[in-house]
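Going down the list, the sequences are from chains A and B.
Our numbering puts the first sequence at residues 1 to 212.
Our numbering puts the second sequence at residues 213 to 471.
Hints are not guaranteed to be accurate.
List of simulated lysine-lysine pairs, DSBU-like, C-alpha gap at most 30 Å [said to hold, decoys possible]: (1) A:K132 to A:K118; (2) B:K424 to B:K345; (3) B:K466 to A:K51; (4) A:K132 to B:K466; (5) B:K424 to B:K344; (6) A:K51 to B:K376; (7) B:K466 to B:K228; (8) A:K101 to A:K60; (9) A:K207 to A:K101; (10) B:K345 to B:K280; (11) A:K207 to A:K132; (12) A:K60 to A:K73; (13) A:K207 to A:K60; (14) B:K345 to A:K118; (15) A:K73 to A:K103; (16) A:K101 to A:K73; (17) A:K103 to A:K51; (18) A:K103 to A:K60; (19) A:K73 to A:K57; (20) B:K376 to A:K118; (21) A:K118 to B:K270; (22) A:K207 to A:K103; (23) B:K344 to A:K118; (24) B:K228 to A:K118.
These are computed hints drawn from the structure, not numbers from a lab.
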Amino acid sequence: MIAIVDYEAGNLTSVQRALNFLGYESFITAEPSRVADAERVIFPGVGAAGKAMADLKSRKLDLALQEAFRSGKPFLGICLGTQIIMEWSEENNTSCLGLIKGKVRRFPEDLADQNGNKLKVPHMGWNGVHIKRAHPLFEGVSPSSEFYFVHAYYPAPATGTTVLGETFYGLTFASVICSGNLVAVQFHPEKSGRPGLRILANFCQWKGSEDA
Amino acid sequence: MLSKRIIPCLDVRNGKLTKGIKFKGNVDIGDPVEMAAFYYEEGADELVFYDITASSEKRQIMIETVRKVAERIFIPFSVGGGIRTVEDMRQVLLAGAEKVSINSAAIRDPGLISRGAEAFGSQAIVLGMDVKKVPRSESIPSGYEMVIDGGRTYVGLDALAWAKQGESLGAGEICLNSIDADGTKEGYELTLNRLIATNVSIPVIASGGAGKAEHLFQVLTEGMADAALIASITHYGTYTIRQLKSYLHDKGIKVRMNW
Chain A
1 MIAIVDYEAG
11 NLTSVQRALN
21 FLGYESFITA
31 EPSRVADAER
41 VIFPGVGAAG
51 KAMADLKSRK
61 LDLALQEAFR
71 SGKPFLGICL
81 GTQIIMEWSE
91 ENNTSCLGLI
101 KGKVRRFPED
111 LADQNGNKLK
121 VPHMGWNGVH
131 IKRAHPLFEG
141 VSPSSEFYFV
151 HAYYPAPATG
161 TTVLGETFYG
171 LTFASVICSG
181 NLVAVQFHPE
191 KSGRPGLRIL
201 ANFCQWKGSE
211 DA
Chain B
213 MLSKRIIPCL
223 DVRNGKLTKG
233 IKFKGNVDIG
243 DPVEMAAFYY
253 EEGADELVFY
263 DITASSEKRQ
273 IMIETVRKVA
283 ERIFIPFSVG
293 GGIRTVEDMR
303 QVLLAGAEKV
313 SINSAAIRDP
323 GLISRGAEAF
333 GSQAIVLGMD
343 VKKVPRSESI
353 PSGYEMVIDG
363 GRTYVGLDAL
373 AWAKQGESLG
383 AGEICLNSID
393 ADGTKEGYEL
403 TLNRLIATNV
413 SIPVIASGGA
423 GKAEHLFQVL
433 TEGMADAALI
443 ASITHYGTYT
453 IRQLKSYLHD
463 KGIKVRMNW
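From just these sequences and the hints, can you work out the full model?
Right, dumping it as structure tokens:
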């Protein structure tokens with residue numbers, strides 16, 4: 001079964017609804033032991049990094065997530081989840097889980113497009129993702145697909161090889177991160193139409209390596 | 213880069229679409245869930261439901277509709293109409309909507325915007341604005357005034373000042389409806405859209421007046437809107453979403469073409 005980790009950070013039911021639609025059973029849990037027992041873990045979230053880390057720690061879910069990553073089971077981060085897996089976030093000056101080396105940065109206030117037009121923060125709406133190499137989670141996903149983003153902060157991994165996908169919004173940032181049994185997406189696959197559902201379906205079948 | 217969003221708006225009363233929608237081939241769809249699924253397949257980037265149910269005891273019907281829609285479509289959608297409290301917002305969001313839109317309730321109680329933003333994040337709170345053009349005056353310096361009750365009641369509030377206040381209270385987005393342009397099919401109110409869009413740093417969804425594909429182009433360029441709300445232009449089969457998007461794409465606007 002798939003555990004969707006609950007730490008009072010946003011609408012988890014939308015992830016579960018998408019899995020239901022695809023025919024995969026899941027449960028929403030805040031119990032470290034149930035995360036440990038799950039075959040796969042989805043770590044979603046909307047909100048601020050500081051409160052999210054505090055909630056995770058108070059439930060000992062920080063340790064459970066670190067253990068889930070180490071155990072090799074398929075692990076999917078979504079949106080805030082993709083930021084919390086880094087070492088540190090500029091948002092509320094927060095020490096995070098450190099599953100991936102690197103930091104989380106805020107989009108600068110003077111962000112502009114190629115023509116010098118000011119860009120709004122948060123980055124909200126549909127944008128493309130340039131996938132740098134083949135990965136089972138993006139199997140069958142067209143390169144011209146777009147995904148739904150809502151975020152003011154973005155992950156900046158220290159190691160280039162962990163960057164699987166990139167998105168341009170005034171600057172190029174890592175919108176998909178991968179490392180072994182972990183894939184993390186800054187966008188919302190559960191709100192990104194058919195390409196997003198395909199990624200979720202691929203995750204539900206994924207064995208947890210870059211080959212399969 | 214970010215795509216400009218095309219957002220169909222569906223008016224719902226007592227769980228039914230207020231106008232049965234007729235497509236080419238005369239398929240009549242009165243069920244908002246079926247209609248949402250149709251637009252999802254058609255390539256809508258987001259949907260807006262506007263609940264015009266009058267009585268509060270029938271609000272549960274809308275919540276049920278939201279729940280069914282959320283099981284069928286996997287793009288963001290917002291729900292407006294009749295939302296007056298944080299608890300109303302919570303019900304709609306838990307049922308699966310991505311955002312709530314508040315309009316006259318926010319004018320009566322501006323703190324509702326900040327309480328909503330604090331509870332659910334700014335990204336979940338859309339400030340709906342119904343605006344009418346009036347002579348410039350000391351109290352309405354922009355020449356655009358906020359109205360409620362479908363445009364019948366002027367509230368003595370300047371639209372530009374209200375947009376800025378809404379942003380500072382924590383609204384994540386503005387849905388800007390020109391009552392003058394609404395229903396005319398003669399194009400969006402470009403001056404109003406440009407005025408608001410250049411003075412706030414949150415996205416602006418233009419609403420009211422779309423009759424031709426060209427109108428969307430105008431409001432997304434000259435009007436500086438981030439998204440365009442549409443209704444009759446696609447509801448009655450004048451255009452498909454793909455036709456609108458292809459037109460915009462050919463004119464150099466970035467829109468989501470693959471879904």
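Broken hints, numbered, in rising order? Those not satisfied are hints 3, 7, 10, 21 and 24.
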